[in-house]
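One-letter residues, chain by chain:
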Amino acid sequence: MTAETDAFLEVKNATRSYGGVKALDNCSIKISEGKITGLIGPNGSGKTTLFNAITGYESIEGGDVYFRGQSITGKTPEQIFALGIGRTFQLTKIFARMTVMENMFIATQRKEGWLRSVIRPAGSSEELDRAVEILKFVGLLKLAESPAGSLSYGQRKLLELAYILIADPTLLLLDEPAGGVNLSLIKELGDHIRYLNSLGKTFLIVEHNMDFVLTLCHEVNVMSSGSVFMTGKPEQVRSDPRVLDAYLGIDDFEEEIVVP
Amino acid sequence: MSAGTLEMAILDGILTGGVYALMAAGLTLIFGVLDMINIAQGIFVILGAYASYSLEHSFGIGLFEGLIITIPAMFLLGAFIEWAFIRRLGEYNRVSMSILVTYAVTIVIEGVLLLHFGSNYRSLTASYVTQSFHVFGNYLPKIYLYGFLLALASVLVLYFILYKTRLGVSVRAAMDNRFAAQLVGVEVKRVSTLTFAIGVAVTAVGGMVFGAVQPFTPNSSYDLISRLLTIVVLGGLGSVGGALVGALVMVVVEDIISVAWTPTWATLIYFAVLVIVLLLKPQGLFGQREVRAQ
Amino acid sequence: MSLVNPTKSTKRIGLLLAVIVLVAFPLIFNNPTVTTIATYCVMYMAIATAWNSFSGFTGYVSLGHAIFFGTGAYTLSLISTGLNMSGGFPVFALVPVAGIAAGALAIPIGFVALRTKRHTFVVITIAAFFIFQLLAENLGFTKGSEGVTLAPGGFAASDYNNPFYYASAVILILTVFLVWHIKRSRFGLQLFAIRDEESRARSLGVKVDRVKLVSFVLSAIPVGMIGAIWAYFIGQIYPQFAFAASFDVTVALMCFFGGLGTLAGPVFGALVLEALQRYLVLSLTIQNLYLIIYGLLFLAVIVLLPEGVLPSIKKQISKRLLPTGADVSFNSPDSATSGIPQASAANKEPVKEGKAL
Amino acid sequence: MKSLFKRSKQRRIGFVIVPAAALLLAACGSGSSNASSSSATSTTASAKPIQIGASLSLTGDFAANGKSFQRGYAIWAEQVNKNGGLLGHKVSMKILDDASSPTQVATNYQDLITSDHVPLIVGPFSSLLTVPAATVAARYGYAMVEGAGGAPGVFTHGLKNVFDVSYPVKDGLLPVANWIKSMPAGKRPTTAAYVTSNNIFAQPQIAPAQAIMQAAGVKTVYNQVFQSETTDFTPLADAIAATHAQVAIISTTSVSKVIAFVKDFITQHYNPEILVGTNGVNQTAFTSAIGTCNANGIIQPNGWYAGYDNTLSHQFVKAYLAKYGGTTSQITASSAEAYGVGEVLADAVNATKSFNQAKILKYLHSGVTFQTLQGPVKFNSKGENVDGVVLGFQWQSKGTKYVQILPASDKQSVAPLFPKPAFCS
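Chains as they are written, first to last, in my numbering: chain A, 806 to 1065; chain B, 72 to 365; chain C, 6 to 362; chain D, 13 to 437.
Be a bit skeptical, because a hint or two may be false.
[Said to hold, decoys possible] Counterexamples of contact, computed for chain A against chain C with all Cβ distances above 12 Å:
no., residue
1, GLN875
2, PHE886
3, THR897
[As the list claims (entries may be wrong)] DSSO-like, lysine-lysine: derived pairs with alpha carbons at most 30 Å apart:
no., chain 1, residue 1, chain 2, residue 2
4, C, LYS122, B, LYS352
5, C, LYS148, A, LYS898
6, A, LYS898, B, LYS235
7, B, LYS352, A, LYS827
8, C, LYS320, B, LYS260
9, D, LYS182, C, LYS148
10, D, LYS374, D, LYS106
11, A, LYS827, B, LYS235
12, D, LYS106, D, LYS94
13, A, LYS947, C, LYS16
14, D, LYS410, B, LYS213
15, C, LYS148, A, LYS941
16, C, LYS122, A, LYS947
17, D, LYS231, C, LYS148
18, C, LYS13, A, LYS941
To be clear, the hints were calculated from the coordinates, so they are not data collected in a lab.
Where is the CB? At the ideal position from N, CA and C, for every residue including glycine.
When you get a sec, could you build the whole thing from the sequences and use the hints?
Structure follows, in structure tokens:
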């Protein structure tokens, strides 16, 4: 199980600290193209910080991030998004007072003069078709004209995924996609991810639901105290005693707070 | 400009700035914890001044002694307003809605004051209002020094509450992240009410000193609130220390320009300084940098 | 499933009727008091629509649009007196110039102010407002506190107001037309996205800074043009009236009253509030008690109808006609502002499940 | 006016509540400011009553003065009715509130003229509102006699229908300046400090007085314009005190500003030989803020005071006290100005025996002299009162008496306290 020489996404020795606490401590990770990669670890191990570092939401004090061989360290979130890296958030960020369909058009970038964009109707017919297709795919089409704020928590997660998909990213970073979502939706979500993966999309998923991660991912990274200490196939991770150790002593705190 | 004038101007600025800092301290707390703009802070100060005035004129209670009554009274008023109106603001349009609600509160209080006191100027009088100390070959009004010391003491009390008490921890947690604070068991509603009440209670002191330094009418609050808002933003939202520095910068800059150049442009220069600072540091002098992620 | 509104044709008819009423009004009701009030109404309708297209759409509350009103007023006044224009229709030719001046000024102000976040933005617009008022009071070419007096319009007394009314109406129609387009455009979506989740919108490729600035500038232009017409109408401007402190709060209250972020709300709010207020001030004189009652009632409106009058009415009607929640918004193009709290919806979902290690 | 959230305009959004308020007030039977014409007297005004229209700032920035004007107009109407009305018509005042807003003042006069068809109008309070008001009136050929529009700007744009019964604002400090000029060289002060707020009532007073005093050898050692938003007046006052100028002139429109300066002068133990405030010095707000005794010797120019020895003035004072009670010191010059406006208008109506505006305008422009409680009034072509007399008043007897001192030639003037006695505390 060796990674390819030129990794699709690679973080090298990233460091980030808050006050005295090192959220990322010389953290390195490699993601292979076309795979579903999992990222697990106890609460506070730095998973979300790593996501933020990759997607430009937080700067890192040391280290580098490479995407397709190019450094993307220090780029802004919108630049990174434009490169084809989309992400979702642990606490969903949808546009609550806009309709589901309107949410879909935010991320559609088209090369047009900004002055014209001021008065041209949003969403061309091909974009509309695409949005309909994606909403149908995630099962939100019937709610297309509802305000996004009226969606359930699980539906919001799906919407977040949907409105990123419209920009056709090649790499998707999902932050706890299954957190707080009911069982049937979790299964559906897994199917969606597998299907998208079969279309060639690469995933990096932070998740606490072990069953979900271990059945879905091709490869799993385990983080603790700000760095990735092991990488392997799901069955290797499942049987590795160090993983259990890493989780020991962690109370159920996180279980309580995942949902807003 | 004669010798000592500039030094006096700076000293005046510091003393007056202290009083403005006190009035702004409550505003910045409310800003920080409740995530809202409290337009009514100006009229609370004026209300505080009228409260001191009434006690002095109707009951012969001295300005400082009167605070024993006015501080709890303003505290209760603040708690009531938070409970009755502020708490009902949603998360959406919170900034706009808070402006509108507190504006409505302002005109109600203004109407009550106009009804009761009329629109003529009132001022607080006490012997120390016109007495002075001798410094720099000049005289320093006692009321300025007393006001400054009182303001400083009040700011220290606020600091103590914020950093040494259980409530303070909750307040700071709520300022940092309302949502997360809730998750770790902070009763954000209660903390909000208390913070609003404390922020309003402080105006009892601010109003007393303000009223002793200059005459006031129910109309005076509008000039005041514009100034307080700029102080709070200059210092950084939610920072009590920032309010102190912001107030000092405001008054000292204006005072220096006034005597060293011309009062005509002094106010404008202050606003220009404010804009430049915010251009370089959008979060204000002591504001927390906005976290971009969740 | 499309964005096309099914009630488009009825809307068109309604719009056409509104325009006809707007055009015909002074011809039918030609009492000068009525047309004076109507003129101010139309002015505030245009201003509120413009202000709303920035503040209502993005959630950035500007308390500095008085700068653009004042700039428009001064532009027209100073040019017309500088050229010794003797009133009449030619002066209206300066109205677009005033709009351009206001728009041009909005670029640097917006550039600076929009770098800050929402709360700070409010205050920085206040600071900018003071700076411009002070400049108007102290600069030589603005004539300082003495103000500028314009040549009177010179129109016949019987229908003196009409030129001002129609000039304002043209601005109103253009503004509503522009904002209507903005609202349904990609640009409009981006504005709403900024209002709801700015940082997320940025990461989705919305050029947030540019979008906000363009919106700010676009909203300044009609305000400047109305300011110019107002100055000509009133005949004399002073710094404290051209740059009026109360301006933005007045306009904000109108937009709030009608429905912030909607298209019809500000027009409705300005119409109702301005007309009713002018009429009532004329018909009765009440003083301080009025402040108290007004404030209390406004608080009641805020607490009971937090979305403004129009959206609340709309919601009630929709509820009656279409009891299924999901479809309500289908008929309501303004549903983007319905303001359903996020948490309430989220809480419906069961919380603790699927958390096996 | 400059503050951000000032209510004057936005209050107008209050219409929602206004109907309720109206009902409530009506139920309470209070709130009507219109002079009641039912309190008929024994006169035999046979013709139908007429209304005289005015817009006043009953709320907003100018509210205090607006209300004083309202009282002046009310007393005048009462007096007119007592004397048989105007051309046999009972009069009543129709007063609308303009909330200190130029937009509203224009609307109000529009309404008074075109909807209420009032035969006569009188002016609003404040120069800032006079031009918009007079512009509307001019459109319908109405004369506007007013008592508070004396700023130079009012007379510079060729309005043919404005007549200000008060003295022109720019003349305010002339009696003081002429008094100083008239002093013998050895006694005359040699240095003067001027400070004024940037305001059309305050600022125009400085230059004419300064010119006279400089010509008389009084050196200007300080001359600054400040903004009304100034947060801290102490440095300015300190800077003036530091010049040790023998004459200090503070020109403001707000009593709060003059209090701020004088308070600081007291703490700085700065005792100019002549201390003048152009506004507010006569108010109880001033004396109570600085202490009665400290007011001793401070001077204020004005056009009228309750002790003015003039038959019309006595009549007015008596009527005022009968109607509103209180003491003579509570009667403001603003009320007198309003009353004077009424007197001039009534004279013009009686002289022309008509309510015809063209005739009234012609008469007002004819150069006749009117007698008012403020003394004679005569209009030049611009509508300024060329006979307007500025008087100088001073607190004397340890701040207990407010007396006329200027012009010295006036028989009512008493000797000024000069140099001003030192502050008491």
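Outcome of the hint check:
With a least beta-carbon separation of about 18 Å from chain C, A/GLN875 lies farther than 12 Å from that chain, consistent with its non-interface assignment. Remark: the non-interface label on A/PHE886 conflicts with the geometry, its nearest Cβ contact in chain C lying 5 Å away (cut-off 12 Å). A beta-carbon of chain C comes within 12 Å of the beta-carbon of A/THR897; the shortest separation is about 8 Å. In summary, the hint linking C/LYS122 to B/LYS352 is supported, as the alpha carbons are separated by about 11 Å, within the 30 Å threshold.
Taken as a hint, the C/LYS148 and A/LYS898 pair is broken in the structure, with Cα atoms around 52 Å apart against an allowance of 30 Å. Among the hinted pairs, A/LYS898 with B/LYS235 is inconsistent with the structure: their alpha-carbon atoms are about 36 Å apart, more than 30 Å. For the proposed pair B/LYS352 and A/LYS827, the alpha carbon gap of about 26 Å is at most 30 Å, so the pair holds. The straight-line distance between the Cα atoms of C/LYS320 and B/LYS260 is roughly 29 Å, inside the 30 Å bound, and the hint therefore holds.
Restraint check for D/LYS182 and C/LYS148: the C-alpha separation of about 17 Å stays at or below 30 Å, so the hint holds. Pair hint D/LYS374 plus D/LYS106 holds up; C-alpha atoms about 25 Å apart against a cutoff of 30 Å. For the proposed pair A/LYS827 and B/LYS235, the alpha carbon gap of about 27 Å is at most 30 Å, so the pair holds. A threshold of 30 Å between alpha carbons decides the hint, and for D/LYS106 with D/LYS94 the separation of about 18 Å falls inside it, so the pair holds.
Annotation: proposed proximity of A/LYS947 to C/LYS16 holds, straight-line Cα distance about 25 Å (limit 30 Å). A distance of roughly 24 Å separates the Cα atoms of D/LYS410 and B/LYS213; the hinted pair therefore holds under the 30 Å criterion. The straight-line distance between the Cα atoms of C/LYS148 and A/LYS941 is roughly 65 Å, outside the 30 Å bound, and the hint therefore fails. Note on C/LYS122 and A/LYS947: the hinted pairing is violated, with a Cα-Cα distance of about 36 Å set against a maximum of 30 Å.
For the hint linking D/LYS231 to C/LYS148, the alpha-carbon distance of about 28 Å falls within 30 Å, and the restraint holds. Pair hint C/LYS13 plus A/LYS941 holds up; C-alpha atoms about 26 Å apart against a cutoff of 30 Å.
Violated hints, listed in ascending order, are 2, 3, 5, 6, 15, 16; each of the other numbered hints is respected by the structure.
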